[in-house]
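Chains as they are written, first to last, in my numbering: chain Y, 1 to 148; chain U, 149 to 507.
One or more of the hints may lead you astray.
[Claimed, not checked] On the chain U side, residues computed to face chain Y include the following (Cβ under 8 angstroms):
#, residue
1, Arg284
2, Ser288
3, Pro345
4, Gly385
5, Asp461
6, Val465
7, Tyr468
8, Ala472
9, Ala473
10, Ser475
11, Leu476
12, Gly478
13, Leu479
14, Ser482
15, Glu486
16, Ile487
Honestly, the hints are just simulated from the structure, not real lab data. Fair warning: this is a prediction, and the values are worked out from it, not measured in the lab. Every residue gets a Cβ at the ideal spot worked out from N, C-alpha and C, and that includes glycine.
Residues per chain, in single letters:
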Amino acid sequence: MALGPVLPENSLVLDTNILTAWRYRKPSVVTALMDYQSRLKLLPALTSITVHETLYGFENKAAKFGSLDEQTKRGRLAIEQLINSCVVLPFDQRAAEIAAYIIPRLPKNIPKQTLLDGLISATALAHGYGIATNDRGFELIAPHTPGD
Amino acid sequence: MSNLVLENEASVAGEIISVISAGVILAPPTNLSLEISVPNLGGRFRLELTDLDDSEVENGRVVVKAAVDSISRMVVTLFGDSNSEGFHTNRVSIGFETDDKTAESDYRKATLRAALSLATQTRLVTPGLSLDLWFRLNESLRDISEMLKVRQTMYRLMVIERATGRQFKVPSLIVGEDMEAISFLYHAITERSFGWPFEEVLTVSYKASRDLATMLEHAAQSPDFTYPFSHHKSLFGVEIPLGEIAMTIVDKHIQDFEQVLEELKKDDGHMVAVRVRSRIGLAHYGVPNAPRLPAKIWNNDLQMLINMEGQLDATLVARYNDLAAASLAGLNESERAEITARPEIGEAFSIEDTRTERA
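Chain Y with its partners taken away, still in its complex shape:
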């Protein structure tokens, strides 16, 4: 996996951190998404791993308190609608094979969340997508992908 410039036709997935920044309406992310839409006429895809991470936040709260309050339920409905409005790349057999290559090669002292980033990377690579991220964890992953 190369760390390189984004080309006009590169299809991207959003890393979970970028999706979260989007939900917080971070201006730089909103602007970048508008720019991406202008070029590709599709918003970036999500990986099924990011879908898991995003819904986890709601389910974790529901599991802890037995149910969600009305406001959080509305938030969950909105995120489900957003996910359903995006292309979601599955963690399929090819992604599993790539992840199996990446994970054992990562340094042992990495942050635990880098493992999830490894699964996101594997999914993106399996489907020929690049990753839009601001997470330095992906720099740890890049040298350990098949073909590098």
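Assemble chain U onto chain Y, guided by the hints.
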């Protein structure tokens, strides 16, 4: 076909249907038009009415067709109740039908459909039929997004057609190779110099000579590798010549460089294969002789559709932004932090004590 939700029931629509329900058989209407205005996008469309089908009015269905162009029609189906006072519309659906597929026709359809789908409200008027109603499409964001992608592809095809003087028959399904060719040709025509993904290995064969060995040693000192060649692209089975191209492989890696040099230095004219790839998967193309666009290529009608692009994109992204923000709306900072916290599943990958797992 999309389902529409009427914002206000148009009593004027009943007036038309009352003529139909009185048993009058209408021939395809002439000199009547369907006027569509999309205020929030600044779009106005005037389509000539081509057909009015009242054969199922007793079942609560009337179909109006209007020409998008000479080969495509917008189909407006009015659903409602027929009674002695006429026909009262309570639901509408909109679809399109076409006799053939061309880039321009598909572009017009995709623009119209995307505009209707992104409009907060649309007014549909046919003065001659006393039809006047407001509606709003209920199309999914994913479908609208795909419409805009089709629109972009058809626009690019139109550009290629105008620049090359050819007209393509557009297949129902455009395969990946043709999609890539459309994008490449579009950038070649409109930019002439552009970056492009380059994941493969370029293989160039040289006759072994000391001069070439020196040249390659010199080239190796640059981070990039430039290779001129004559190029064409195949699109829908048609070869489009692009003339001489300069391809620069960015951040190059020459495979087995030392061995290649040794072979070239043998200076005996045997063929030596040099294999080059980009470490970052990027090449830069200079295509100075790509076909050129004529000065004025779009008529006013098409230009109006082209000018809607920014508004269509911005409106779609705003809808996505609203959904993203709604997922955290009304929550305080700690609640937001709680539901956006990433899970920690590290343990699943690094089981320290296997006895625990067996247990």
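Do the hints match the structure? See the list:
For U/Arg284, the interface hint is violated, since its Cβ never comes within 8 angstroms of a Cβ in chain Y; the closest pair sits about 17 angstroms apart. At a threshold of 8 angstroms, the smallest CB-CB gap from U/Ser288 to chain Y is about 7 angstroms, leaving the interface hint in force. This hint holds: U/Pro345 has a C-beta 6 angstroms from the nearest C-beta of chain Y, less than the 8 angstroms allowed. A least Cβ separation of about 22 angstroms between U/Gly385 and chain Y goes past the 8 angstroms threshold, and the interface hint is therefore violated.
Look at U/Asp461: its Cβ gets to within about 5 angstroms of chain Y, closer than 8 angstroms, so that hint holds up. Hint on U/Val465 holds. Least Cβ distance to chain Y is approximately 5 angstroms, under the 8 angstroms limit. Because the closest C-beta pair between U/Tyr468 and chain Y is about 6 angstroms apart, less than 8 angstroms, the hint holds. Interface hint at U/Ala472: satisfied, since its Cβ lies 5 angstroms from the closest Cβ of chain Y, which is below the 8 angstroms cut-off.
Interface restraint check: U/Ala473 against chain Y, minimum CB-CB distance 5 angstroms, threshold 8 angstroms, status holds. The restraint placing U/Ser475 at the interface with chain Y holds, with a minimum CB-CB distance near 4 angstroms, inside the 8 angstroms limit. Taking 8 angstroms as the C-beta cut-off, the interface hint given for U/Leu476 holds, the closest approach to chain Y being about 5 angstroms. A distance limit of 8 angstroms between C-beta atoms decides the matter here; for U/Gly478 the minimum to chain Y is near 4 angstroms, and the interface restraint holds.
For the restraint placing U/Leu479 at the interface with chain Y, the shortest Cβ-Cβ distance is roughly 6 angstroms, inside the 8 angstroms limit, so the hint holds. Because the smallest distance between the Cβ of U/Ser482 and any Cβ of chain Y comes to about 11 angstroms, over 8 angstroms, the interface hint for this residue is violated. The beta carbon of U/Glu486 comes within 6 angstroms of a beta carbon in chain Y, closer than 8 angstroms, and the hint placing it at the interface holds. Given hint, U/Ile487 at the interface with chain Y, holds; its Cβ is 4 angstroms from that chain's nearest Cβ, closer than 8 angstroms.
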